[in-house]
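Trainee: Protein chains in written order, with our numbering: chain P, 1 to 317; chain H, 318 to 607.
A couple of the hints might just be wrong.
As the list claims (entries may be wrong) - Pair ranges (Cβ atoms, derived):
1) H:N601 <-> P:E125: 48 to 54 Å
2) H:L421 <-> P:A87: 21 to 27 Å
3) H:G381 <-> P:A63: 51 to 57 Å
4) H:R329 <-> P:N276: 22 to 28 Å
5) H:L595 <-> P:A158: 48 to 54 Å
6) P:A95 <-> H:N601: 24 to 30 Å
Said to hold, decoys possible - Derived list of chain H stretches under chain P, where covered just means 3 residues or more per stretch with a C-beta under 8 Å from a C-beta of chain P:
7) 407-414
8) 476-487
Don't read these hints as lab results, they were simulated from the structure. All values derive from a computational prediction rather than experimental measurement. Glycine included, every Cβ here is placed at the ideal spot set by N, Cα and C.
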Amino acid sequence: MTAAVPANGRRYAGAALRRERIAAKVFAGALYLCCFAFLLVFGGLVVELLWGARLSLSAFGPAFLWSTEWNPVRGRFGAAPFLYGTAVSSLIALALAGSVGILAGVFLAEFAPRRIGAVLGGMIELLAAIPSVVYGLWGLFVLAPIVGGWIGPALQAAFGFLPLFRGTIYGVNMLTAALVLAVMIVPTIAAIARDLIAATPMHYREAGLALGATRWETVAKVVLPTVRRGVFGALMLALGRALGETIATTMVIGNRPVISASLLAPGYTVASVIANEFTEATSSLYLSALIELGLILLLISLLVVGLGRLMLRLVLR
Amino acid sequence: MARLPSVPARRRLASAAWTAAAALCAGGVALVLLLVMGYVLREGVAALSLPFLTRLPRPVGIPGGGVGNGLVGSGMTVAIAALMAFPAGMAVGVYAGIYAHRLLARALSFLADVLAGVPSIAIGIYAYAVLVAPFGGFSAVSASFALAVLMVPLVIRSTEGAVRAVPRELREAATALGASDYRVTGKVLLVAARPGIVTGLLLALARVTGETAPLLFTAFGNQFWEFDPTKPMAELPLQIFTYAISPYRDWHRQAWGAALILVAAVFLLGVAARLSFLLLRRGNAAGARP
Chain P
1 MTAAVPANGR
11 RYAGAALRRE
21 RIAAKVFAGA
31 LYLCCFAFLL
41 VFGGLVVELL
51 WGARLSLSAF
61 GPAFLWSTEW
71 NPVRGRFGAA
81 PFLYGTAVSS
91 LIALALAGSV
101 GILAGVFLAE
111 FAPRRIGAVL
121 GGMIELLAAI
131 PSVVYGLWGL
141 FVLAPIVGGW
151 IGPALQAAFG
161 FLPLFRGTIY
171 GVNMLTAALV
181 LAVMIVPTIA
191 AIARDLIAAT
201 PMHYREAGLA
211 LGATRWETVA
221 KVVLPTVRRG
231 VFGALMLALG
241 RALGETIATT
251 MVIGNRPVIS
261 ASLLAPGYTV
271 ASVIANEFTE
281 ATSSLYLSAL
291 IELGLILLLI
301 SLLVVGLGRL
311 MLRLVLR
Chain H
318 MARLPSVPAR
328 RRLASAAWTA
338 AAALCAGGVA
348 LVLLLVMGYV
358 LREGVAALSL
368 PFLTRLPRPV
378 GIPGGGVGNG
388 LVGSGMTVAI
398 AALMAFPAGM
408 AVGVYAGIYA
418 HRLLARALSF
428 LADVLAGVPS
438 IAIGIYAYAV
448 LVAPFGGFSA
458 VSASFALAVL
468 MVPLVIRSTE
478 GAVRAVPREL
488 REAATALGAS
498 DYRVTGKVLL
508 VAARPGIVTG
518 LLLALARVTG
528 ETAPLLFTAF
538 GNQFWEFDPT
548 KPMAELPLQI
558 FTYAISPYRD
568 WHRQAWGAAL
578 ILVAAVFLLG
588 VAARLSFLLL
598 RRGNAAGARP
């Protein structure tokens, strides 16, 4: 790169030219340095968690994943109850938020009058800005009594023959956690679905309508199939957020490390047990087991989010 | 013109029903916002007062406690996090934006996307391992580090987007005048991209201001005033969490008050982001006029 004649027309004398060259080098160097630092920080995240988990990794091996015993007193640690709670609460949340979010996105992009669509869309985006601790507070004091007092008994009365809704009804339980998570992830799904649908070429719709399909049939059979990969990406991002959500879940899931068939019974998640017990971990093995839980969570979410981002990048390019 | 056969009633009905369901979903989600915000407002306003904003927390049973130290702590922690994350994130974002065709740039941008989805609790453990365990104590700085790691990918992505949105002709014109790469970046690119960059910074701040999970074992919380960032510090989100899961009615009340402050702060940052975008863009447009 040469800096021959600058904008003001003044020719660089030798010293000034040298200064300019050095400045350019420093600038480029600073950029590279920051990029390197970023890679270092990212790599450090994985390495530090691996290192912190080494005691637990060598003590329990892969059995950590399916052992159900979590007993700090006896020094026996297994992740199964937490993995189960994380998986079940997140997947229920994803099913709920996925269906509602995609439909909401369709409405915003295809059917809503411009002004109503802008207002509803803005409100849905604001929903994403509320901090998770506030969702936890709301879930604990508003939603949990409703689930424990109304929704739970109603589900038990209707579907009590299923093990899913049998047993004692609690307010803080798997279902409440799933509902709060669903509220937290639905804006992501709705917003991305809306943007993807809005970006589909108009002639797809024209073709569908020309064949005699109704507007809804056009959306469902022509537009939605063209954005399915992007919507899958959005669902993965939302799942990643639900898996890693900590504070809101901790406040409403009941925090009991058991695997219970009933959704109306308390559960526990990977993130919640880390949040609750990290500062109370009395032995180094205990702390290491908690860090291994963090490592598992990190790896799963890297996988899920990476997949989702890859999908969205493929679609948007 | 021959009349087309009309759509059978069954299909028309099904279409209408699905459309109504979609409208219901969109409206329902928006309604949840009103429900949550309405509750936070109603309960929060009742708990708000000037002493609540300025005083220290008090033990259970003694009325008149506040969250003053948490407000100061959160402000300091987030500010230090911004000092760490803004320059680095902007630099990486500029690199990824300028050299978008290079493999490294694309890798960085993808990694930033993925890092943005990493659970904040895992990043809390990371901060604990790097800055708490080796130095033998909880500290606000370690919390700032965790928040900075959460912010960096957001800053990278928004800066990259803003830089990429600058018309290539603008950069080419500057280069044609003989400006070197770094002058083009400093005098043309960053100026043109400023509205997007500043908005991204403010949105990143808004996003981490409400973070709670990574603070649990970094800042840890503190009952007293603390201004030394190497010491454990009170944080507003932590206070909400502690008060909410306590069995005391008065603490629940305070949790709602603190939640209202937190939500207001986050929303204000969001509004500031929108406003700064509009103002800076107008400034740029005015500057471009001959």
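Trainee: Could you run down the list of hints and mark each one as holding or not?
Mentor: To see whether the hints hold, each was checked on the structure:
Checked against the hint of 48 to 54 Å, the C-beta distance between N601 (chain H) and E125 (chain P) comes to roughly 25 Å, which is inconsistent with it. A hinted range of 21 to 27 Å is violated for the C-beta pair L421 (chain H) and A87 (chain P), which are about 36 Å apart. A hinted range of 51 to 57 Å for the beta carbons of G381 (chain H) and A63 (chain P) is consistent with their spacing of about 53 Å. For the pair R329 (chain H) and N276 (chain P), the supplied restraint of 22 to 28 Å is violated, since their beta-carbon distance comes to about 54 Å.
At about 51 Å, the beta-carbon gap between L595 (chain H) and A158 (chain P) stays in the expected band of 48 to 54 Å. The supplied range of 24 to 30 Å is broken by A95 (chain P) and N601 (chain H), whose beta-carbon atoms lie about 46 Å from each other. Check result for the stretch 407-414 of chain H against chain P: holds, 4 residues qualifying (beta carbon to beta carbon below 8 Å, three or more required). Figure legend: the stretch 476-487 of chain H, annotated as covered by chain P; annotation inconsistent (0 residues with Cβ-Cβ distances under 8 Å, at least 3 required).
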